[in-house]
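Chemist: Residue strings, one per chain:
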Amino acid sequence: MSMNILGISCFYHDAAACLLQDGKITAAASEERFNRRKNSPLFPINAVNFCLQRGGLTAGEIDYVGFYEQPYLKFYRVLLSHLRAYPFSFKNFLATMPDWLRERLTLPLLLKNELGYEGEVFFIKHHLSHAASAFLVSPFEEAAILTADGVGEWATMALGAGKAGQIRMIKESHFPDSLGLFYTAITTYLGFEALNGEGKVMGLAGYGEPVYLEKLKEMVSVKPDGSLRLDQSFFGFNKGSRMYSGKLVRALGKERAPESKIEQRHCDIASSLQKFTEDVLIKAANNLYRETRLDKLCLAGGLFLNCLANNKILEHTPFKEIFVQPAAGDSGGALGVASYIYHSLLGKERNYVMEDACLGPDFSRTRIRRALVNAGINFREMEDGDLFKYAAGLILQDKIVGWFQGQMEFGPRALGNRSLLANPCNPGMKDILNSKVKKREPFRPYAPVVLEERADEFFRIKQPSPFMLIAGSVREEKAAVIPAVTHVDKTARVQTLSRKANPRLWQLIKEFEQLTGIPLLINTSFNLRGEPIVCTPEDAVSCFKRSRMDCLILDNCIAER
Amino acid sequence: MDTKKICERCVLPESRPGIWLDEEGVCNLCREYEKEKKDGKKGISLETEFTKMLRNYKSRGEYDCLVMCSGGKDSTAALYYMKKRYKLNPLAFMFDNGFETEDALENVKNAVEALGVDLVYFKSDFMSGMFSRLVKAGSGAVICHLCSLWYMDLTIKTAARYGISLVIAGWTKGQSREGIFPGCACDNAPEFSAMAEETGKFLDRYCKNDPRYKDFPRSMEEVLKRARKRQRCVVLSPHWFLPFEAETSLETIKKELGWKTPEQSYPAKTTNCGLNFLSVYLSLKHYGYTHYHAEMSRLIRQGALTREEALEALKVNFGAERLAPILKKLGCGPEDLAFGKESI
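From first to last, the protein sequence lines are chains A and B.
For the record, in the first sequence the residue sitting at position 483 is 483 according to this note's numbering, with numbers rising by one throughout.
For the record, in the second sequence the residue sitting at position 139 is 1139 according to this note's numbering, with numbers rising by one throughout.
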């Protein structure tokens, strides 16, 4: 009899489910991909349904369910924070309480109602779930662990260490002193959406200089160990509709309205925020190294989706190697709690390393054909070898190729199974992608996927980056060769690709290399602006029809405009 | 045979008042589906929902559920899933109206033997008189509809006899998607409204005063109403909730249960009783389409089938020689179908 553990994260943002069978992750997916609501916080019933189907299980065959945080502890923090901020918090209090009372505090009842599951439910602290999500699936037998995000129950950043199947938490920072909330507050100040715009700020940072760094330091004091204290007079986390106060506006100038023009000042603030964040994380990581003397580091929490910061940690700390799993944000909590139950609570040995993010649904050729036919799209089928050659040729002609194959990736990055691929050599490719499909803000860079064996020729990067979570700097002599993936600050959010990890994409890039000598492509997520990445062939077809994508390749079926 | 213009998207012909085509040649049902999908009203049924219902309705007696088996691919797959995927102890129930084919009987026999499942086999020519009358009267009532009323009534009574609350059918996503209790979607669906009306009229005119058929249910609603008074029961199909394509289930039962495709069937590659050919012929004659057209049209809208696949499967693949022995068994002749005037 196998042991089946279902991990769940939900109710805040990026709801997800993960199935662990005998210590191996057999399925994991975010709810947004199914219900098509970006960053969906809802109970992940569709993701759970998928996980059980993938595992060939019914709810009655689940041994344990794990939830990625402790709701009562979090509720206590929320109540206390509202009380402290009363009467300014009253409106927020009224808005959030119904959700707490209806579902957040009654998860076992919800599991019974939704799934008919009546077994044991474990509630693991939010940052412990994050820590477990990184360490327990890492290749390291022993490692230091650093987690950081907005806030869990109380913790906002945590330092720990893992050995075999056990995790020891060493130190925590607590709400409201949160680097994640600070980043999000400035993100919203800059006119971007909370929990969705942080990556945009990271992109914007490349266009500025950190001239506001001292101003930011007035708002947040940082100790040498990386712990920090936010001057609450600049912020309003529970008080009203925005996360920052009038005092912050007076310090930094008028806030930017969403979708309005971006000025140099905004770029400088973004750059200062990025620099500030990197400095804090480097300090925290150095402190962690002093505490543990371990040379491997696992990172988790939404802040570590920041690939620039991850690279800086690698460059400016004694850690020799880092591991960031692809769902480093809250969705990964589902993975963490399931792993924690299996290894840390039940004491089972570790037998799995997360080398692959492709843990979501896949679809048969029959389903793909039907999706195309029913959408009235003409297509043809090609054998792999011919298809790769043909697709490489299209990319060289600056065509945008929608590339859909195999199991969907877990985590926010498209890593080659739900991707848009394009020519990295054309300096105008970013604009073409933006105008035809992505409709992104023009300042945002596109990322490269590069053959692992040739990555070093093009990028300075200290270790492979299979999940696109470590930025590298583009080598000076190559910047002009691959302008479409070279950001203004000469960095690139690199995905290194081994043949083993994704043989079909690897072969496609190899064909492109044959044509151009360049062993990389632009790889960006297969979606339209504001939508989750596509999940099904029908989603992909719909995206193709609603955009001006040139070519759609679903497994071996190819459709062109 | 009447060659009506069919919908550009599905395979239904215009058949007022229920079905009509717009200026683009798209039927009202496809338009309605499109609108509901756009409004987010067309979600998928999750398997978690099904397994939750299994827990609620699973019987506490010897058998967990009763599976309606026709020997066709869908009901055989349903039996397979109940036993293997959901690990229940099902009772297979086969109803033979006297026209079941050897292929169908063989498929059921193979399945129950491979799965180690008990089978109740019920054979009766009780309805032959009714069918004969239907043919001779030139009624628009649908043979399969009448048969399904009795079959369902009998199934629910049989389930009650064994203390079973959960009845499992092999209906596809293109057939009724409502849990058949508390309501049935078929009778009220526009595709079937004309057929259901004709069935009602036929039963009123020809069967009401016949002592043999005086208790015969007039509609599926009535079957359910009667059942509701007797027992707690739900009729569900796993195919509404499973993520597999029909081809996947077919491969599974071929491999695991030795299921065989019959030499001749309508639609192609299915298994249906002999009367089905006659029912199809009469439906095409009266309405220009059959309940299979309705089912496949729904599958097309859901994306589970293409229009081309449906058109291919729905090609009439049998002739008068296939109908002759069936008519003879019913005490009818080709003249009752006016073969001289029309050909199929």
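Hint data in this document are derived by calculation from the structure and do not stem from the laboratory.
Even for Gly, the Cβ is constructed at its ideal location relative to N, Cα and C.
Possibly wrong hints are sitting among the right ones.
Examples of chain A residues lying across from chain B (beta carbon under 8 Å, computed) [to be verified]:
#	residue
1	49
2	52
3	116
With beta-carbon atoms standing in for the labels, derived distance ranges [as the list claims (entries may be wrong)]:
#	chain 1	residue 1	chain 2	residue 2	range
4	A	434	B	1311	24 to 34 Å
5	B	1225	A	346	30 to 40 Å
6	B	1269	A	1	34 to 44 Å
7	B	1269	A	98	28 to 38 Å
8	A	84	B	1026	54 to 64 Å
9	B	1129	A	108	35 to 45 Å
10	B	1120	A	561	53 to 63 Å
11	B	1026	A	251	26 to 36 Å
12	A	315	B	1037	26 to 36 Å
Chemist: Take the hints in turn and mark each one as holding or not.
Modeler: Here is what the structure says about each hint:
no., hint, result
1, 49, "holds (4 Å)"
2, 52, "holds (7 Å)"
3, 116, "holds (4 Å)"
4, A:434 to B:1311: 24 to 34 Å, "violated (42 Å)"
5, B:1225 to A:346: 30 to 40 Å, "violated (52 Å)"
6, B:1269 to A:1: 34 to 44 Å, "holds (38 Å)"
7, B:1269 to A:98: 28 to 38 Å, "violated (53 Å)"
8, A:84 to B:1026: 54 to 64 Å, "holds (60 Å)"
9, B:1129 to A:108: 35 to 45 Å, "violated (58 Å)"
10, B:1120 to A:561: 53 to 63 Å, "holds (58 Å)"
11, B:1026 to A:251: 26 to 36 Å, "violated (60 Å)"
12, A:315 to B:1037: 26 to 36 Å, "violated (50 Å)"
In terms of the numbered hints stated before, the structure departs from hints 4, 5, 7, 9, 11 and 12, listed from lowest to highest.
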